[in-house]
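Just so you know, the protein sequences line up as chains A and B, in that order. The opening position of the first sequence corresponds to residue 1 in the numbering used here, with each subsequent residue numbered one higher. The opening position of the second sequence corresponds to residue 1001 in the numbering used here, with each subsequent residue numbered one higher.
If you are wondering where the hints come from, they were derived from the structure by calculation, not from laboratory data. Because the structure is a prediction, the values reported are computed rather than measured. Glycine included, C-beta positions come from ideal geometry on N, C-alpha and C. Treat the hints loosely; a few may be bogus.
These stretches of chain B come out as covered by chain A in the derived footprint (C-beta under 8 Å, 3 or more residues) [claimed, not checked]: (1) 1028-1035; (2) 1039-1051; (3) 1058-1066.
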Amino acid sequence: MVASAKRASTMLAGQSLTHEQLGALVHAVAVNRDRAAFAALFQHFAPRLKGFGIRRGVDAAAAEELAQETMLTVWRKAETFDPAKATVSTWVFTIVRNKRIDLFRREGYPEVELSEVAEAADDGESPEQSVSLSQHGQVVRQVMKDLPPEQMKIIQMAFFEDKSHSVIASELKLPLGTVKSRIRLALSRMRAALPEDARV
Amino acid sequence: MTHHHPPADVLFDYAAGTLSEGEALAVAAHASLCSRCAREIAMLEAAGGSLVDVAEPMAISHGALDAVLARLDEPIVIAPRQPELDAETRRVVPKPLHAYVGRSLKELPWRTVGRMYEEVRLPLPAKGPKVSLMRLKPGTLVPRHGHRGQEWTVVLAGGYHDGGVSFTRGDFDAKDASHRHQPRVDDDGECLCLVVLDAPLKLTGTIGLFVNPFLRI
């Protein structure tokens, strides 16, 4: 077991873990099927995932089912986690997003799998860039903290409450164009904050 | 290198998880051929990750961890097997589409529509948009038509011109109810597209009323 995973897994529940600690825990689950590391991930994520589900308007039992099913997928798919591409929180977000669609909408959600040709054709591709891609989570998180409330509101309604931008427009009684331009503004703030070689 | 991308708000809806399965399939197919959109989506998913970080934790019921731990060794329900596809299909069809296409392009049950194109409808939930692969011969001129809803096209092979704009492999062409258009397939080869349609098309010319192959969609 990775030493940092051992340290992290013995931490008290409720304490926040760093991205590095979370990464070490997922690694321990992937490589050693480490149940203590999984338990630490569960303590960290399950209450947040339940909170995430509640925001969507489902009852506590359904939100807890969502949290449990998501964590089960974390265990099963731990070896697909690639620390060069995303932080653990981002990876867990994609799992809970897809699980929510699976459980509540009974649909699949196709994921992007960049073709080798597209990857090779990516002009700025370099090892340095992969490193900066993995920093997305931290950079974007900082940007999110500083977003104007009207942009943050739209992001939360979409990501937490499962509302498309046209539903958001009608609920906030805003023209569709206003919602779209707030989305674009938030995106350009995120882009501008990323290291130049990781920009899109 | 792709030149036409989904609008930012569509990438946003994809990352948030609010698209229908068929719409998500079109975005995933495009982004699998477009590193720019793949990265834009990764950035938006990172925004989702930061929302998980700050989501207000809710007490998990007593025994929930033990319940999950007890399930860790459950046999995993076999994931849908990746279909066996020939080399040509694997080269042309982006990975997110493989399970939906299900078999090699030449073995698909192509249906000829109005002597104009061939079509295979992909298995997706009936409540969502209609999703199909369409195959058109070089030089085909599609009759002028408009849309009652949105039409998203992702070019997988060959290309076409529409209103002087060229669309080739990987390009994402979004049309809505405000568009009338008359695409023409390029002469240099067959054109294969993924088409996601949320309402039937309507032909705009008077001739169209009589030859409208889309009415049978």
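Against the structure, the hints come out as follows:
| no. | hint | in the structure |
| --- | --- | --- |
| 1 | 1028-1035 | holds (count 7) |
| 2 | 1039-1051 | holds (count 13) |
| 3 | 1058-1066 | holds (count 6) |
Checked against the numbered hints above, the structure violates none of them.
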